[in-house]
Amino acid sequence: MSDGTAKIKTTVNGRQVEAVVPVRMLLVDFLRDHLQLTGTHVGCTFEGVCGACTVHLDGEAVKSCMLLAAQVCGREVLTVEGLARDDELHPLQKAFQDAHALQCGYCTPGILMNMSDFLKRNPEPSENEIRLALVGNICRCTGYSHIVEAVQNAAGTMKVAAGRSL
Amino acid sequence: MRNEKFAWIGKKAVRKEDVRLMSGRGQYFADMQLPGVLHCFIVRSMRAHAKIVSIDRAAAKQSAGVVAVFTGDDIKDHLDPLPHPIVVPNLPGKFPKHWPLAVGKVKFHGEPVAVIVATDRYLAEDAGELVEVVYEDLPYVGSPEVSSRPDATLIHEDLDNNEIFSMSFTGGFTEDSVKANVDEIEAIINSAPVVISRKFKTHRVGVTPLETRGVMAKWDRDDGLTCWATTQRPHIDRLALAEVLNIPTHMVRVIAPRDQGGGFGTKAPFYRESILIPWLAKTLGRPVRWLESREESLMVVGQERDQRHEMTIAADKEGKILGMRARVVADNGDGCMGVYWGFVMPVLGAATLPSGYYLPKCDIQLRSYVTNKPSLSPSRSFGSYPGRFVIERLVDILAKEVGKEPVEIRRINLVSSLPHVTATGCHLDSGDYLKAFNSLVATVDLAAFREKQTALRRQGRYIGLGFGTGVEISGIASDVFVQLENQPGYGSATIRIDARGRVQVLEGDAPQGTSHETTFSQVVAENFGIHIADVVVQTGDTANTPFGSGSLGARGGSYTVSAVHNACRTLRDKMARIFIFDRKLDLHVGDIQFEDGFVFPALDPKNRIPFAELADRIVMKPVNMPPGEEAGLEATSYFEAAKPMFYFGAHACMVEVFPKTGEFEITRYVTCEDAGTVINPLVVEGQIQGGVVQGLSNAMFEEFLYDEHGQQLTTTLEAYKLAIAPDVPHVEVTHSFTPCPHTPLGSRGIGEGIPGPVPGALTNALCDALAPFDIEINELPVRSDKIWRMLREKGADIGKPEKGSKQPELQNA
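Read top to bottom, the protein sequences are chains A and B.
Just so we're aligned, residue 1 is where the first sequence starts under our numbering, counting upward by one.
Just so we're aligned, residue 1001 is where the second sequence starts under our numbering, counting upward by one.
Because the hints were derived from the structure by calculation, they are not lab data.
Among the hints, a few may not be true.
Some chain B residues judged to face chain A by a derived CB distance under 10 Å, without partners named [claimed, not checked]:
{"id": "1", "residue": "D1018"}
{"id": "2", "residue": "G1024"}
{"id": "3", "residue": "R1025"}
{"id": "4", "residue": "R1121"}
{"id": "5", "residue": "V1207"}
{"id": "6", "residue": "R1294"}
{"id": "7", "residue": "E1295"}
{"id": "8", "residue": "E1296"}
{"id": "9", "residue": "S1297"}
{"id": "10", "residue": "Q1687"}
{"id": "11", "residue": "G1690"}
{"id": "12", "residue": "L1696"}
{"id": "13", "residue": "L1722"}
{"id": "14", "residue": "A1723"}
{"id": "15", "residue": "H1730"}
Glycine is no exception: its CB is placed at the ideal position from the N, C-alpha and C atoms.
Let the hints inform the model, and build the full structure from the sequences given.
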């Protein structure tokens, strides 16, 4: 629209959303300020380095500070709030708690979103592959080891679950 | 209590914090809003040292959504400058006068110059770009070497020179006593069989958390000021705000958000913004909010460790250290930072320079000089990171000089009998340093490593093993903390049991990822025989919590948790008394047990009452009470330790260095720490792994850089590199256990000091690997290009670096 706003229609966590927002509004701000989905965090303030704002766009992990809200028109967004099914934690969430893979938790939503996408593409990753897949996420508290362990454990759980459902 | 069988203490309980944090339901500062809140953008100086000639804000004021624009000149007549007594340490330093916005001149790149208040964050930033500041440059004073010259440009007109702090830590406070100390150590050095002198440099670096800072405030003429802030010390902030804004304390409430995205010391100071935002809210009569950007954060906070050490140690032929002389110089930055003023960290670093070594005779002097950089500010391993690096390198250099294993030199110099008072007056209280160190040496199997190292060297491969150790405060007792920072050291907690037997813990400190909810709940559950799910821990709101000096210095695991325990004990005894009275038993409180949700005599378990029912009886049915017994179940404890507490940790690092490129790989990293009674092993392991990686990230990657005009070059996380997962090794955590005799549970706070031993272990490993080339690494950071250059300078015959010359990975060397 010529007034510097854009009308967007998108699906967020399975819910239809329609809104008029400034064209320059970042997706992360739209999620946080407009939809109150504050689980998506800002760490590096829009450099795309820290990964705390990672969400899924049409099933793929993306950094929501690197996109405009207007760019998700007609697409599907999944945030950390939509990762668990009803009250059942995602296997990654369960594994993160068991392995103490989070301390302050600020980076955690972004890491969960990145790793849940990664495990779809690589269901049996090695430690090294997990570490490499984490290059887009900064965690300042844990030193990463517990995160790697949790992702490996979750991969095991998900494999067993997938085996059962075959 | 520590000899009893524990139900919760020592258990790997999964954290109570986790589910909400993993589900996007954390409540961090940035998630909080108030209706009608105004947003701030702070215009910061683009110059390092300059007079402010003029500030043109006409265009900014006209910009969409702008409510107000303030500069230093606008506020200086309405707001008292710092220093104020509440944020001034009891140390012989200088405390430069400053307002939250620059007045007259700017003193570093990033100093706040003006603030835009607007209806929207985007609009505030738009307007900020329209503010035009005309500067007249002054000479940039960018190092203590320049700052200390007699003809140096004065940075603070209210100080007579640029030396902000100077003190001897071993020679007393008179000129004569200092001279006597200098002469005594000089004589020891002059007569010692072995003397080693070296210079060390540690870079400007720290532990910036992933969550930036933020402040939100609202003013109400009846209730006064309410301020939400990312802070480790809401109660200190409250007192400071009351004093600076001239509001009675009962009209100031500070709330730290329930969840904070890391602190590591950076959320402990009383910053310019801590004052500015509440002042704006009061002045404008509207709620105001400021959320720091990453760029601002890297410009201002988390910069520590910027020091030089000129060291001499004297030793006998066996390598037993006889004396040490240290001349420490700190690059203080502008020093305008409430509570810490840039030099409090170097002060603690100098005071703990002997670390865990028995150094009977020392001459330690520190000078700190103001420079045109942001003030040094606290970062985990508060003050001690540079000193631990220096002492651990010196021990290895000494080992080489006397021809012994570095392990042997540590064994003969580590404090072997505790308690011990260091030459600087630090009281090392308890533990067994040699036991912990020897346990670590056994884990890494030194003899097998040396064999492998010799064999690989014959193949042209270079592996190395290095050790680092350190003592670190586990909280600070009041008798030290009052002297250092005019603040009490006690840990405090209030415990309330409600009529349904659920327990509330109120803590005045503000955790930042430090697992207080879980560990404190475990202690409560242990005391009352209930489940941790029936405990809620609420923190950081000055309206309902007991006074605490803040979540810092590893206080939680020693002081605060002890207050939690003692308050629980008070209530448990009361419940036991009333139980005995009600049942007309001839028993003492110690005969009553609290287990699995029931209260009963230990010898008559069937004569039991549910915990919740007994709580209900005391809170809701206070009839037929024992004589003199009050109703209700609430207790507050202020725990003070009988003695100061320190914990000891030792680290071992193994590396392989590739001399053709100078690159290196950490092949194994092992720690051995003595935390006394461990409340939650998962949490302790997490603290250690994270702390080691922070130490490695500081030593290998991070560095705040300034150009020749004082422009900060590292204001993005692209330029200021933090370690990511593929950069760092897994850290193997082992424990040595000696309970702390000064806490009721035998626990010792750890966490703060973990990064300290890291640079010593790493650089000693690299030097050990490169021993055939006689390389000494006495400066941080350590990077492959530096190692490559050193090898070149030594004329090492290692060929030219070739593409792909990195050799195969060596796992678990």
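How the hints compare with the structure:
no., hint, verdict
1, D1018, "holds, 4 Å"
2, G1024, "holds, 2 Å"
3, R1025, "holds, 7 Å"
4, R1121, "holds, 8 Å"
5, V1207, "holds, 7 Å"
6, R1294, "holds, 4 Å"
7, E1295, "holds, 7 Å"
8, E1296, "holds, 8 Å"
9, S1297, "holds, 8 Å"
10, Q1687, "holds, 8 Å"
11, G1690, "holds, 4 Å"
12, L1696, "holds, 9 Å"
13, L1722, "holds, 5 Å"
14, A1723, "holds, 8 Å"
15, H1730, "holds, 5 Å"
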